[in-house]
Amino acid sequence: MLLIILRRLGQSIFVLFLVAFISFMIFRYVGNPVDNLLGQEATTERREALIESLGLNDPLHVQYFDFVVRALQFDFGVSYRTGMPVAEMIVQRLPATIELALVSAVFAILLGVVAGVYTAINRRGFIANAILSSSLIGVSLPTFLIGVLLIWIFAVELKWLPSFGRGTAVDLGFWSTGFLTISGLKSLILPGIMLGLYQMTLIMRLTRAEMLEVLRQDYIKFAKARGLPDRTVYFGHALKNTLVPVITIAGLQLGSIVAFAIITETVFQWPGVGLMFINAVYFVDIPVMSAYLLLVGTLFVLINLIVDLLYLLIDPRLRDGQLRRAGS
Amino acid sequence: MTETLLELKGLEVTFKTRRGVLKAVDDLSLTVNKGEILGIVGESGAGKSMTGAAIIGLIDPPGRVSKGEIWFEQERMDEHPQQLRGKQISMVFQDPLTSLNPLRTVGDQLVETILAHMYVTKAQARQRAQDGLAEVGIDPDRINAYPHAFSGGMRQRVVIALALATEPKLVIADEPTTALDVSVQAQVLDLLKKLCRERGTSVILITHDMGVMAQTSDRIAVMYAGRLAEIGDTREVLSNPQHPYTQGLMASTPSVDAKSFGSELFQIPGAMPKLDALPPGCAFNPRCSQAHERCRTSRPPMVSGRAACWLMEDAS
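Residue numbers (the numbering used here), protein chains in the order written: chain A, 1 to 328; chain B, 1001 to 1316.
So that you can see chain A by itself, here it is in the shape it has in the complex:
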């Protein structure tokens, strides 16, 4: 058990170094940082001085090492566009993205699992089929269109919810949160739905498929034959067995929620890291881009690590190192 955890940790760290390397290569080779920093009219001496001070004459591996060491100290350089340290920009904008991602993840997972279980149990029911058919719309409509539709209905026509921005955020010193004000909470709803809708339908369809599979298993039949109440059979026996694949996908989707936040943040002018990234792309602001890449990469690796540890928590067979799939 401990061995499995240590091995997964080792793998995660290796992947992180790889991500750092790619991010470093972008920084180093896409465009010329010196040109970007100095502009056209700089003298040769100034160029040489800057190249030397940036360490660009050092061999590649030394530069990479420097990059990693600085990244570990949250030093990602200075934004070309704003002249601010990239780390500071990220810290300023990350809470907005994380809160948005959190809201849509909770929305997607809670509603997805509940609706998935419901549609699996009432397979032939009218409501279940209505949910299933309408979920097809959620899967097939592009995300930005859903965002625009939401704005049109709830912000423009009904005027219930704000169409852009984060509302009033409360600064807690290290974290600015929108959870504490009504306008902050209201602002979270539409982008949260837009960002989570696709993942919600995906999780719902997956939960339903897995649940139907599990409900065919002998142990469910046996649980019913023992006269256990339906609630116990469905939630005590069936749901837990559907969780392993659902958690895998939900975990990966959580990563893409942060990645897809770029589109949602653009539609809703959400002051998060996604919007910052898009602006960085317009201005070829390489340090911001590479820091963002590193951030998203780290997030994915972390989520995967947590997912793997959750498997161990759910499935006793994996704890005992017995790597047979569920059902056997």
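Among the clues, some could well be false.
[As the list claims (entries may be wrong)] Keeping only pairs whose Cα atoms sit at most 27 Å apart, straight-line, the calculated DSS-like set for lysine-lysine is:
id	chain 1	residue 1	chain 2	residue 2
1	A	Lys221	B	Lys1194
2	B	Lys1169	A	Lys221
3	B	Lys1067	B	Lys1034
4	B	Lys1034	A	Lys221
5	A	Lys221	B	Lys1023
6	B	Lys1122	B	Lys1034
7	A	Lys159	B	Lys1067
8	B	Lys1169	B	Lys1194
9	A	Lys159	B	Lys1016
10	B	Lys1087	B	Lys1067
11	B	Lys1194	B	Lys1023
12	B	Lys1274	B	Lys1016
13	A	Lys240	B	Lys1193
14	A	Lys240	B	Lys1034
15	A	Lys240	B	Lys1087
16	A	Lys186	A	Lys159
17	A	Lys221	B	Lys1193
18	A	Lys221	A	Lys240
19	B	Lys1122	A	Lys240
20	B	Lys1009	B	Lys1087
21	A	Lys221	B	Lys1122
22	B	Lys1034	B	Lys1193
FYI, nobody ran anything at the bench for these hints, they're computed from the structure.
Dock chain B against the given chain A, drawing on the hints supplied.
Just chain B now, with coordinates in the frame of chain A:
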């Protein structure tokens, strides 16, 4: 004096399919007495398991009990099977490897079952669970083990402990040893038999193994194509089978004595008809060597409560 525990009256289980309505169980009437072990034999598809599922009320749609009555202790129960399920009637399934939820401890599954049916505290339920494990020959300290930590035979013991945990009056054992090693089969069967005899629990033992049947059951019911072919005391039926199908089954059971070494096994010609293509008259007539005109036109009734065969009627 034998007392009737369960009575099936003209039970019919049908499935709606694209090719029409299929009768998986067709006009089946039989009784199970208190404390007796009734064996149901037949080929796969003969309706044995469907009969068991009908009694406990667990037929998967689109199947359903379309006709007939099920009486349990002089009360009609087919309309409310869930009242008896688990408490009065429990079930043991074929494959112990898949009968237990892999993600929950055996103790957890036992305690949960006991709590669902008996007015006891959690601690009492746990004590009962441990006693139950001890009874089936499993170390009670293993109550917190997960199913994967047990072998197939051990898991079937756990399943038996689960089936008996609520002190049911009837256990339906659907091929309880088919998935087990031959050497373990006898142990598990003996255990089931012993525990049920001690408690006076009736058993419906569903199997296709005539040997298992001969050793375990008090009475035998032979099913063919969803219909009852023959029923009677085990000794009677085995020593003097009346229905040609039972005779064929007996003849095709392999024996392991020296006399039969190298001899060829008897086979009943042909195969059991598909349920959507049953012949008119007796369902067995195309394979029966003694079939005559009447067998091909009209369905034989049960004759003197023993066998559904025109030959018997002609003889009497």
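Hints versus structure:
With a CA separation close to 26 Å, the supplied pair A/Lys221 and B/Lys1194 stays within the 27 Å bound. Under the criterion of a C-alpha separation no larger than 27 Å, the hint pairing B/Lys1169 with A/Lys221 is consistent with the structure, at around 20 Å. Under the criterion of a C-alpha separation no larger than 27 Å, the hint pairing B/Lys1067 with B/Lys1034 is consistent with the structure, at around 25 Å. Between B/Lys1034 and A/Lys221, the direct Cα distance comes to roughly 26 Å. Compliance with the 27 Å bound is thereby established for this hinted pair.
Distance restraint check for A/Lys221 and B/Lys1023: the Cα-Cα separation of roughly 22 Å lies within the 27 Å cut-off, and the hinted pair is therefore satisfied. Distance check on the hinted pair: B/Lys1122 and B/Lys1034 sit about 31 Å apart at the alpha-carbon level, beyond 27 Å; violated. A C-alpha spacing of about 60 Å is found between A/Lys159 and B/Lys1067, which places the hinted pair above 27 Å, so the restraint is violated. The suggested pairing of B/Lys1169 with B/Lys1194 holds, with an alpha-carbon distance near 15 Å, which does not exceed 27 Å.
The suggested pairing of A/Lys159 with B/Lys1016 is violated, with an alpha-carbon distance near 53 Å, which exceeds 27 Å. Taking the CA atoms of B/Lys1087 and B/Lys1067, the gap is near 25 Å; set against the 27 Å cutoff, the hint holds. This hinted pair does not check out: B/Lys1194 and B/Lys1023 have alpha carbons roughly 35 Å apart, beyond 27 Å. At most 27 Å may separate the alpha-carbon atoms for a hinted pair to count; B/Lys1274 and B/Lys1016 meet this at roughly 15 Å.
Distance check on the hinted pair: A/Lys240 and B/Lys1193 sit about 34 Å apart at the alpha-carbon level, beyond 27 Å; violated. The straight-line distance between the Cα atoms of A/Lys240 and B/Lys1034 is roughly 39 Å, outside the 27 Å bound, and the hint therefore fails. Pair hint A/Lys240 plus B/Lys1087 holds up; C-alpha atoms about 25 Å apart against a cutoff of 27 Å. Distance restraint check for A/Lys186 and A/Lys159: the Cα-Cα separation of roughly 12 Å lies within the 27 Å cut-off, and the hinted pair is therefore satisfied.
Proximity of A/Lys221 to B/Lys1193 is assessed by CA-CA distance (about 23 Å); at most 27 Å being required, the pair is judged to hold. For the suggested pair A/Lys221 and A/Lys240, the alpha carbons sit about 16 Å apart, so the restraint of at most 27 Å is met. Distance check on the hinted pair: B/Lys1122 and A/Lys240 sit about 22 Å apart at the alpha-carbon level, within 27 Å; holds. A C-alpha spacing of about 23 Å is found between B/Lys1009 and B/Lys1087, which places the hinted pair at or below 27 Å, so the restraint holds.
Between A/Lys221 and B/Lys1122, the direct Cα distance comes to roughly 24 Å. Compliance with the 27 Å bound is thereby established for this hinted pair. The straight-line distance between the Cα atoms of B/Lys1034 and B/Lys1193 is roughly 14 Å, inside the 27 Å bound, and the hint therefore holds.
In the structure shown, a violation is registered for the earlier hints numbered 6, 7, 9, 11, 13, 14, in ascending order.
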